[in-house]
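Chain order of the listed sequences is F and X.
Just add 1 to wherever you are in the first sequence, counting from 1, and you've got our numbering.
Just add 36 to wherever you are in the second sequence, counting from 1, and you've got our numbering.
Hints in this document: simulated from the structure, not taken from any laboratory.
Quick caveat, the model's predicted, so the values are computed rather than measured.
Hints may be right or wrong, so weigh each one.
[As the list claims (entries may be wrong)] Straight-line distance between alpha carbons at most 20 Å, and here's what the computed SDA-like set of lysine to any residue pairs gives:
1. X/K105 <-> F/G100
2. X/K114 <-> X/Y63
3. F/K58 <-> X/G133
4. F/K58 <-> X/S39
5. F/K58 <-> X/A131
6. X/K85 <-> F/R96
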Amino acid sequence: EAQVTQNPRYLITVTGKKLTVTCSQNMNHEYMSWYRQDPGLGLRQIYYSMNVEVTDKGDVPEGYKVSRKEKRNFPLILESPSPNQTSLYFCASSRAGTGRETQYFGPGTRLLVL
Amino acid sequence: AQSVSQHNHHVILSEAASLELGCNYSYGGTVNLFWYVQYPGQHLQLLLKYFSGDPLVKGIKGFEAEFIKSKFSFNLRKPSVQWSDTAEYFCAVNANGNNRLAFGKGNQVVVIP
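Take these sequences, add in the hints, and give me the full structure.
This is how it looks when you write it as structure tokens:
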């Protein structure tokens, strides 16, 4: 089954404790992206990747890191989480192209930073 | 600044009522337009999309959207909603041809049985 998976689905942590949220897709997509969803703000893009070893900042990259060492994986790293990073995070993937491609979203990771 | 606007963030209506959600964007030039839906507790999934051709596009579950270039709008409609249409609806725009999407803030729609 074609899908985007994220782990963990729920996470409670404390300020400053490094964490990684994994994202994996089995559709051989070149493009992957991370969003955060906050009430009243919609989805905002954190980072995106056009292919292996090619990543770039989205609209709200501060406090986050990513890597793309393999085509299927695109982990999101919070080196020193803070309470303002409490949010719902979605990973998405699509074929690379002209912008007409459907993006496929993971189930989301709900993060609470105390 | 370039943006995607969705109005009436919270919409409450009864089953069988008609639904229309507005989406306006401020990008010039060629755009690719999308509506995504997020059912409670689920991930986002595509409802419909528009690139070119007939400005009235049909999607899944009886939804349709109309692209009006002169108004920079891409409004979503459904003639008769069901309780199962309770969800959050997001308009998204691609204006740079590199897969990046800009999302609106979403419309939370609640359908009362």
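Status of the hints after comparison with the structure:
{"no.": "1", "hint": "X/K105 <-> F/G100", "in the structure": "holds, 18 Å"}
{"no.": "2", "hint": "X/K114 <-> X/Y63", "in the structure": "violated, 26 Å"}
{"no.": "3", "hint": "F/K58 <-> X/G133", "in the structure": "holds, 16 Å"}
{"no.": "4", "hint": "F/K58 <-> X/S39", "in the structure": "holds, 18 Å"}
{"no.": "5", "hint": "F/K58 <-> X/A131", "in the structure": "holds, 17 Å"}
{"no.": "6", "hint": "X/K85 <-> F/R96", "in the structure": "holds, 16 Å"}
Figure legend: structure checked against the earlier numbered hints; the only hint not met is number 2.
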